[in-house]
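Under our numbering, residues 1 to 105 are what the sequence shown spells out, in order.
Keep in mind the hints are simulated off the structure, nothing from the lab. Keep in mind that a hint or two might mislead.
Claimed, not checked - Pairwise CB distance ranges, derived in the manner of DEER restraints:
{"no.": "1", "residue 1": "56", "residue 2": "84", "range": "16 to 26 Å"}
{"no.": "2", "residue 1": "71", "residue 2": "41", "range": "14 to 24 Å"}
{"no.": "3", "residue 1": "38", "residue 2": "67", "range": "34 to 44 Å"}
{"no.": "4", "residue 1": "80", "residue 2": "49", "range": "44 to 54 Å"}
{"no.": "5", "residue 1": "99", "residue 2": "39", "range": "15 to 25 Å"}
{"no.": "6", "residue 1": "82", "residue 2": "31", "range": "42 to 52 Å"}
{"no.": "7", "residue 1": "40", "residue 2": "92", "range": "38 to 48 Å"}
{"no.": "8", "residue 1": "88", "residue 2": "33", "range": "33 to 43 Å"}
{"no.": "9", "residue 1": "71", "residue 2": "92", "range": "14 to 24 Å"}
{"no.": "10", "residue 1": "56", "residue 2": "83", "range": "30 to 40 Å"}
{"no.": "11", "residue 1": "85", "residue 2": "34", "range": "37 to 47 Å"}
{"no.": "12", "residue 1": "91", "residue 2": "37", "range": "29 to 39 Å"}
{"no.": "13", "residue 1": "95", "residue 2": "67", "range": "11 to 21 Å"}
We put the CB at the ideal spot given by N, CA and C, even for glycine.
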Amino acid sequence: MSPNKLEPPRLRGKLAHDRTELSFDIPATSESSPLDVVELLLQDDAFTLALSSLPINQKRAWLMREFAGCTYSVIALELVVPESTVRGLLARSRHTLARELASWR
């Protein structure tokens with residue numbers, strides 16, 4: 001991974017565990033100030049904390065949808081729940097993340 005690129009977190013396996021590993025490289029550009037770098041690190045910490053506070057099925061559904069691009073039906077099969085439950089899990093996880101990260105908007 002290039003130290004000059006910002007890359008999204010990667011999922012490993014089939015989300016069979018509760019551990020979420022997120023790692024962002026800080027972009028090294030001539031426009032980045034130390035304050036920008038610190039702010040990005042603080043945002044990353046806030047996101048990681050907010051994501052880790054979600055119940056496991058909400059977290060798994062959100063990661064599968066947002067980072068793996070899975071459809072509701074695939075998420076439902078993986079979590080062994082109806083699609084309507086997936087919709088509810090995603091709605092609650094999005095609401096919680098939006099509330100927890102509101103100060104970063």
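At the C-beta level, are residue 95 and residue 67 separated by a distance inside 11 to 21 Å? 18 Å, holds
Is 38 to 48 Å right for how far apart the beta carbons of residue 40 and residue 92 are? 27 Å, violated
Measuring from beta carbon to beta carbon, are residue 56 and residue 83 in 30 to 40 Å? Given a distance of about 19 Å, which is not inside 30 to 40 Å, the answer is violated.
Could you see if the CB distance from residue 91 to residue 37 stays within 29 to 39 Å? 34 Å, holds
Assuming the hint says 15 to 25 Å, is it satisfied by the Cβ distance from residue 99 to residue 39 or not? 20 Å, holds
Falls inside 16 to 26 Å, the C-beta gap from residue 56 to residue 84? 19 Å, holds
Status of the given 37 to 47 Å range, CB of residue 34 versus CB of residue 85: 45 Å, holds
Starting from the range 14 to 24 Å, see whether the pair residue 71 and residue 92 falls in it by beta-carbon distance. With a Cβ separation near 19 Å, residue 71 and residue 92 satisfy 14 to 24 Å, so the hint holds.
Evaluate the given range 14 to 24 Å for the C-beta pair formed by residue 71 and residue 41. 33 Å, violated
42 to 52 Å as the expected CB spacing between residue 31 and residue 82, which holds or is violated: At roughly 48 Å between Cβ atoms, residue 31 and residue 82 fall inside 42 to 52 Å, so the hint holds.
Take the C-beta atom of residue 88 and the C-beta atom of residue 33, compute their distance, and say whether it sits inside 33 to 43 Å. For residue 88 and residue 33 the Cβ distance comes to about 42 Å; the hint holds.
Return holds or violated for the Cβ distance of residue 38 and residue 67 against the range 34 to 44 Å. 25 Å, violated
Violated hints, in rising order: 2, 3, 4, 7 and 10; the structure is consistent with all others.
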